[in-house]
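Novice: What follows is the residue order along each chain.
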Amino acid sequence: MAKLATGQLSRIVRLSVYMGGFVFIVVLSLQSWHVTDAQRNFVAKIENEALQKLKGVVLSASARMDGNAYHELIKIAPAKDDIRESEQEAGYFTIYETLRSVANRFEVSGEVYTLISEPMPDGLYQTYYGATSRFSPRWRHPYPLPVNIHNIRFRNGYEKRIRGKNLDVLLAVVPIFTGENQVCGFVGCHSDYAPVALMADENMSRLIWQQVPVSIGFAVMLSLFVMGIRQSVFQEDEWANNIRIKLNNTYHIIEEFVENVKRGNYEKPLQLDDYKDDSLARSLNVLHGKLADNARSSTDRSWIAEGRLKIASSLRLHNDFEAMALDVVSELTDYLGAAQGAFYICDGERENMTIEMKALYAYNRKKYHVQNFRYGEGLVGQCAYERAVIYRTEIPEDYVTISSGITGDIKPSALLLVPLITNEKLHGILELAATRRFTEIEIRFAEELGDVIARSIFNLKTNIRTLELLRESQEKSEALEQQQEELRQNERKIHSLLENASEVITIYNEVGTVIYESPSVKSILGYDPNDIVGRSDFGNIHPEGLEKVQNMFAALRNHPDSLQKIEFQYQKKDGNWIWLESFGKNLVDDPAIGGIVLNSRDITERRVAEQEQIMRGKMQALSENSRDIIIRFNLQGRFLYTNPMLEQYTRIPKSRFDHALFTEIGLEESMVNHWLKILDRIRHSNQLVAEEMPFLTPEGERVMNVSAIPEMDEDGRLDTVLMVLHDITGQKQQEAIIKKANKKITDSINYARRIQSSIIPDNGLIREYFRQSFIFYRAKDVVSGDFPWLKKKGDAIFLAAVDCTGHGVPGAMMSLIGYFLLNNITDMPQDFTPAEVLTHLHEGVRTTLRQGREGAEAKDGMDVALCKINPQTMQMEYSGAHRPLYLVREGTLTQYKGTRKAIGGTVARQNKAFINHTIKLQEGDAIYFFSDGLPDQFGGPENFKYAPKRIRDKVSKSHGTDMQKLLQWFEDDFVKWKGGEKQTDDVLLIGIKF
Amino acid sequence: MEIINIKATDETPEVTLNAANHTFLIAGRSLPEDVTAFYDPIVSWLSVYIQEPNDITEFVFRMDYFNTASSKMILDVILKLEHLVESGHNAVVKWCYREDDEDMEEAGEEYADIVEVPFRMIPIEV
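Chains A and B supply the protein sequences, listed in that same order.
One gets this note's numbering by counting positions in the first sequence from 1 and adding 7 to each.
Under this note's numbering, the residue at position 47 of the second sequence is numbered 42, and the numbers go up by one with no gaps.
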């Protein structure tokens, strides 16, 4: 029955939970007592139970006193607003006083564990404080002093969390024991002075919990009384022997009485004949009576509680009515010691109610007897009607066979029918039969059970209904799954159809964004539907067709019921264009579509065929009106087509050509052979043949440009040949004329060159005077505007590089003027310096070209670099008209700039004089002068001018170089620089080394 | 005023004459077969322009090469600017040349010598 003890303890704990707030449990440790193992185990069990309820709180006994801990305890306690501190203290005091008295009386010492706990939302207890107090007979302190327990888990800030919360009961559990050091019970109390007694029997096997205000006092007083008498007896003097004997008798009577009380035997009151009128004895008897009452009611209550527990655990076990009904009815019948029990389940309301027997239990057996009742029928039906307990003790003879579910093999003395009602609904009926009468307690018990069982029936019904609903919903979802699978298969079918369709179905929303594209787009246009869905694909439409498409969309929007058809070009993913024929339909209002639908198919082949047809027609017209002869023939040389021009040229009627062989018509044989030869070539090469051929006509020979074009059949084999003969006779004649004229001009220019070359000194001539010298001379055209000039006068040699305005023929003509003028001037007897020569030359040109006249065109003239060298004296003079001279002496270059003044021309604002430079030459000196043709030549890596610097750089570094090699270098360098560029101007560079 | 805008070729320079835009430019190579035919419209345009010129006329030459015949025509162009200066207007020639092109540099200097127009010689880094 230790189970019961656990139940009791848990009720203590639960009680405090109901009250909310703190639990204050005192568990007594019996370590210093002489107790049996069974007792020790029992107390240990209570302790453990308490600890388990308090979840994880570790307590260990420690005797160290700590005043602070005590104050903490006191501080926590008054946090409950409605408990005053003094009351709180009084609560402690009561506990400890009790303990102390007990300790004093029994000369035992022990320890009290004190736990202050708060129930948490999760149902556990959080312990904030623990203390232990030692008590002993010698304890004289008016207050219990709690001592600190180490290892207890304190929580930081616990005060804050506790404040404002309701404090709970302070419960003390204190042992009550007898002189034999046997614990007969526990005494507890809580703060509001409602003492609690927890009584245990001598074997510690049964605990009775009682809230009896007087019982503490009673127990304590009883103990004191007994002990006091005993001690007084032992301590009295001899003279009191009589009294002692008397007292001894009394003592034994009282001892017996106490023994009885201790055993829960309240039958015999205290009978002290010697002290009949003693107030204490009377009080004890009054108390005894009350204690007996309490014990009885306590027994009844725990009997009910135990029964409830039993039935409740039976109720929890089952999921179906039959098993539960049988279990409950058998359990109950046994517990009550009844003969039979029946369990009915009610369904429906009032007149429609069915009352079905679910279980019948008799003489410890299950009976297979089923009887059902209607509403109001028999006692059972009446119970359903009245919804109240029916208790009958006068049972008619035939009752059991008529109006009861109870079997007829006994004759019951009492019948108890209990309606099972919860939430005002009748769920079932219990029928119990006994061969004796039911006690009041038993009836109350059965009645109390009614609600519990009814609730279980209701729950079970709910569970069964839930299970049914669950099964239904599972069935439904399976059916749904199957439907979805069918749908999926249909979808796959449609998808496959769409994928392999020869049409693309596109759905656009109203702004032209594609919202659906059928999978066939992949095979027809090469796009993945995802490439296109979500955007506009108008970018793929050929610009020429875009307007058509846009017009169609507009038309579909304006006339939603119309069907539109267009053809346009569309670019496939691979970049190729195809023709699409699209039917458009406005299905914006169709909720399944919600857009404009285009069904498009590839009509490229048809379009190409149509185009070809058109083209062929156009070609035919072109051909018929062509001025060229156009014929088509097959590989046998048979005419398939001839245009009118053939008739016109040959004077042979067109009809004769039709399907005739070349050889059958009477065409000139050489012509026929030529054509056959062309046919032969095409058959071998499959390639176009283009050439000229003579064409004999009655009017005479013409020249034709023949283009013979191979035409292939569908398999790429040569099928026919199309030949176009274009008359180029006139063109040929023109060419001949131009050629002739050109030749004349070229001839005359070439002649002119001969004249020019004859007067121009060449490298041979200059080397007669200067062994180390060269003339780099390259005309832009056949004749040149630049020319070198050389003349010996006396010891001196005049040498010039002349650059006349322009080049080619006009330049050459200017050069002749310059040539003769220079000769004339130097032929004069005076010994002119170069500057003087240039001055005369200037005047001469102006005179010759009559540039002095008003409004004369006077752009023409020349730039000149002129030297006068005396090889004997190594004296040199130089003058330049716009031209410089370079002197290289021992690798150093000196530039003599020319005067900024040209020869000839009208514009001579500042009438400058030509500057005459005199240079004393040294052995090894080299001079270079040139026209602007070389420095102005474009080319090189940047396509820029050759530039004087390039000349300077080269000649400065060519100190020891042979002049012929230098000439060669310039010639090569010039060609290289020029590259693909045109020659800018005539080039002339003269170099002399002394 | 009309705008002259001639693209450069191998033988003729780029020409832009745009009074409204204050752009007066001749740039590139000048060696046309017929210089008169090329330059006459330019000179005629300037003859009209100087009747009603802008406050400031900045004429830019950026020549790589010109032949002797072209040089005379370029002088005619610059002489039109001289007229502007003489009639009290503001005109300047910006003569640009590749910094390593001594011929063009010299040619610019020569023009500057001859005419009464302010010249700004501007070498261009290559």
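Careful, some of the hints might be misleading.
Unchecked claim - Result set (BS3-like, lysine-lysine): computed pairs, CA atoms no more than 30 Å apart in a straight line:
| id | chain 1 | residue 1 | chain 2 | residue 2 |
| --- | --- | --- | --- | --- |
| 1 | A | K500 | A | K483 |
| 2 | B | K89 | A | K956 |
| 3 | A | K787 | B | K2 |
| 4 | A | K989 | B | K2 |
| 5 | A | K625 | A | K592 |
| 6 | A | K983 | B | K89 |
| 7 | A | K787 | A | K799 |
| 8 | A | K972 | A | K798 |
| 9 | A | K483 | B | K89 |
| 10 | A | K787 | A | K746 |
| 11 | A | K592 | A | K500 |
| 12 | A | K961 | A | K972 |
| 13 | A | K317 | A | K483 |
| 14 | A | K555 | A | K529 |
| 15 | B | K2 | A | K904 |
| 16 | A | K904 | A | K799 |
| 17 | A | K751 | A | K661 |
| 18 | A | K555 | A | K625 |
| 19 | A | K468 | A | K365 |
| 20 | A | K787 | A | K989 |
| 21 | B | K2 | A | K919 |
Hints listed in this document are in silico derivations from the structure and should not be mistaken for laboratory results.
Novice: Against the 30 Å threshold, does the CA-CA distance of A/K625 and A/K592 hold or violate the hint?
Specialist: violated (36 Å)
Novice: Next pair to validate is B/K89 with A/K956; report whether the Cα-Cα distance is within 30 Å.
Specialist: holds (24 Å)
Novice: Given the hinted pair A/K787 and A/K989, is their Cα-Cα distance within 30 Å?
Specialist: holds (9 Å)
Novice: Has the given pair, A/K751 with A/K661, been kept, meaning a C-alpha gap of at most 30 Å?
Specialist: Not OK: A/K751 and A/K661 at ~46 Å, beyond 30 Å, violated.
Novice: Compare the distance between the alpha carbons of A/K592 and A/K500 with 30 Å, and conclude whether the hinted pair is satisfied.
Specialist: Given that 30 Å is the threshold and the Cα spacing comes to 24 Å, the pair holds.
Novice: Does B/K2 pair with A/K904 here, judged by a C-alpha cut-off of 30 Å?
Specialist: Distance ~35 Å between B/K2 and A/K904 Cα, so the pair is violated.
Novice: Against the 30 Å threshold, does the CA-CA distance of A/K468 and A/K365 hold or violate the hint?
Specialist: holds (14 Å)
Novice: Checking one constraint from the list: CA of A/K961 to CA of A/K972, max 30 Å. Satisfied?
Specialist: With Cα atoms ~12 Å apart, A/K961 and A/K972 stay inside 30 Å; holds.
Novice: For the pair supplied as a hint, A/K483 and B/K89, is the alpha-carbon distance within the 30 Å limit?
Specialist: violated (96 Å)
Novice: Holds or violated: are the alpha carbons of A/K972 and A/K798 at most 30 Å from each other?
Specialist: holds (25 Å)
Novice: Quick one, are A/K787 and B/K2 close enough, alpha carbons at most 30 Å?
Specialist: Holds - the C-alpha atoms of B/K2 and A/K787 are around 25 Å apart, at most 30 Å.
Novice: Given the hint that A/K787 pairs with A/K746, test it: the Cα-Cα distance must not exceed 30 Å.
Specialist: Distance of about 22 Å is within 30 Å: holds.
Taken one by one, the earlier hints fail for this structure at numbers 5, 6, 9, 13, 15, 17, 21, listed in ascending order.
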